[in-house]
Amino acid sequence: MKRFLFSGLAFLLFGAFLAEMIRSYPGYLLLAVGGKRIEMNLWIAVGALALGLLLLFLVFWLLRSLLRGVEGGVSRIRFGRTRVARRRLTNGLVEFMEGNWARARRQLLKSAPRSDAPLINYLAAARSAYELGYRDEANELLAKAEASGEDTRLAVALSQARMQLLDKHYEQCIASLERAKQVEPKHPAVLQLLKEAYYRLGDWNRLRALLPELEKHANMPDEEMEQLELEIYQHQLRDAASRRDPEKLSETWQGLSGRWQRHMTLRSLYAELLHDSGNDPEAEKHLRWVLNREWRPELARLYGCLTGADATEQLTVAEGWMKEYGENGDLLTCIGRLCLRNELWGKARQTFEKSLLLRSDPATSAELARLLHALGEKEQAAELYKEGLMHAVADLPDLPLPGDGKPALEAYG
Numbered sequence: 001m002k003r004f005l006f007s008g009l010a011f012l013l014f015g016a017f018l019a020e021m022i023r024s025y026p027g028y029l030l031l032a033v034g035g036k037r038i039e040m041n042l043w044i045a046v047g048a049l050a051l052g053l054l055l056l057f058l059v060f061w062l063l064r065s066l067l068r069g070v071e072g073g074v075s076r077i078r079f080g081r082t083r084v085a086r087r088r089l090t091n092g093l094v095e096f097m098e099g100n101w102a103r104a105r106r107q108l109l110k111s112a113p114r115s116d117a118p119l120i121n122y123l124a125a126a127r128s129a130y131e132l133g134y135r136d137e138a139n140e141l142l143a144k145a146e147a148s149g150e151d152t153r154l155a156v157a158l159s160q161a162r163m164q165l166l167d168k169h170y171e172q173c174i175a176s177l178e179r180a181k182q183v184e185p186k187h188p189a190v191l192q193l194l195k196e197a198y199y200r201l202g203d204w205n206r207l208r209a210l211l212p213e214l215e216k217h218a219n220m221p222d223e224e225m226e227q228l229e230l231e232i233y234q235h236q237l238r239d240a241a242s243r244r245d246p247e248k249l250s251e252t253w254q255g256l257s258g259r260w261q262r263h264m265t266l267r268s269l270y271a272e273l274l275h276d277s278g279n280d281p282e283a284e285k286h287l288r289w290v291l292n293r294e295w296r297p298e299l300a301r302l303y304g305c306l307t308g309a310d311a312t313e314q315l316t317v318a319e320g321w322m323k324e325y326g327e328n329g330d331l332l333t334c335i336g337r338l339c340l341r342n343e344l345w346g347k348a349r350q351t352f353e354k355s356l357l358l359r360s361d362p363a364t365s366a367e368l369a370r371l372l373h374a375l376g377e378k379e380q381a382a383e384l385y386k387e388g389l390m391h392a393v394a395d396l397p398d399l400p401l402p403g404d405g406k407p408a409l410e411a412y413g
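Letter by letter, the sequence shown follows residues 1 to 413 of the UniProt record's numbering.
Just so you know, not all the hints are guaranteed correct.
Claimed, not checked - In silico BS3-like pairs for lysine-lysine, Cα to Cα no more than 25 Å straight-line:
1) LYS168 - LYS110
2) LYS347 - LYS378
3) LYS354 - LYS386
4) LYS248 - LYS216
5) LYS378 - LYS354
6) LYS181 - LYS195
7) LYS378 - LYS323
8) LYS168 - LYS181
9) LYS168 - LYS195
10) LYS181 - LYS216
11) LYS186 - LYS216
12) LYS186 - LYS248
13) LYS323 - LYS347
14) LYS144 - LYS181
15) LYS354 - LYS323
16) LYS110 - LYS144
As the list claims (entries may be wrong) - Label pairs and their in silico Cβ distance ranges:
17) GLU150 - LEU201: 31 to 37 Å
18) TYR134 - LEU63: 49 to 55 Å
19) LYS168 - ALA309: 21 to 27 Å
20) HIS373 - GLU324: 32 to 38 Å
21) LEU211 - GLY320: 36 to 42 Å
22) GLU324 - LYS186: 25 to 31 Å
Bear in mind the hints are in silico, worked out from the structure with no lab data behind them. Backbone N, C-alpha and C fix where the C-beta goes; we use that ideal spot for every residue, glycine too.
Let the sequences and hints guide you as you build the complete structure.
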């Protein structure tokens, strides 16, 4: 209120001062334009000039406001569309993460032309199209993604490789990853996908060559890395053995580091493959090495089947394990077989019988039956054959039979 009164008082004082100035200093203004003379009161000329300046200011102000309004409208239209594109991109990515492929594809493609990051739109839309079964469209969208800017080759190659891996097009996947590897040789995702493609293709040689890079750059846990390496060496040994080439098998084994030659599982496998290839003396050395350090029943059974370089020494070694690991059915069967190899018939019989007391085993029954038959005890051998056979096929149903109604094998006995 005080400000209003002060402003009114100031306006009145200015009006009074102006009126006094007009009365005290009368005058006129003379303008000569092209031979014409224009006369007017000085104060009217001053007022007209002030009014003209005011009108000119108002015109400039209106023009500036109009231009700002037009520019603001254009900006609202332009950036409004950009905001819509961003919102669609966000919604599309959410749908993508949730696996709603059709809606994700639609939102991502609508927002792609005005997206700040069209690469993301096209890559996600390509994967959505792939999941919907639109393979050709997915490839077209990957091409658009690659053309959407610079430094897109790696992302496009990785996306393409993942789809090819899912389609089981392993050679094409490897080709895509090799291109990506030229762009980023140490990229963890590239190395991981290469590992997966080689693994599914069964290309153990190339996978083995990739191991140093995987170890350095793929960020794989130590347990996973060790398991992968073990599988590679197992497959390579089996592949070498399948060629029926003892030299190739030996060469593959010698190509392993000392650490892996001391690996129990791998050395056991090598011994089994040596046995399968007919090299029992060498297999016996490796199985002995393993069983001297770790008890494995399945290896003890195999050890009893080997024809080592020295049968007597082989029996002595097996009997030494009895002191270390105690009596068990598998080891007793192994010793019984080695007794047969050393022609110790009575000792073999006692050992087999002791093994059967500990547990029923068709193979041990068959070994003892074979020995008894050779010793002339044919009835007892037949009984053991029957027992072993019944244990081997214990899931026979109980069916009615002619005569006394007993199961066929029992009636036969």
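So which hints don't hold here, by number, going up? 1, 4, 7, 12, 19, 22
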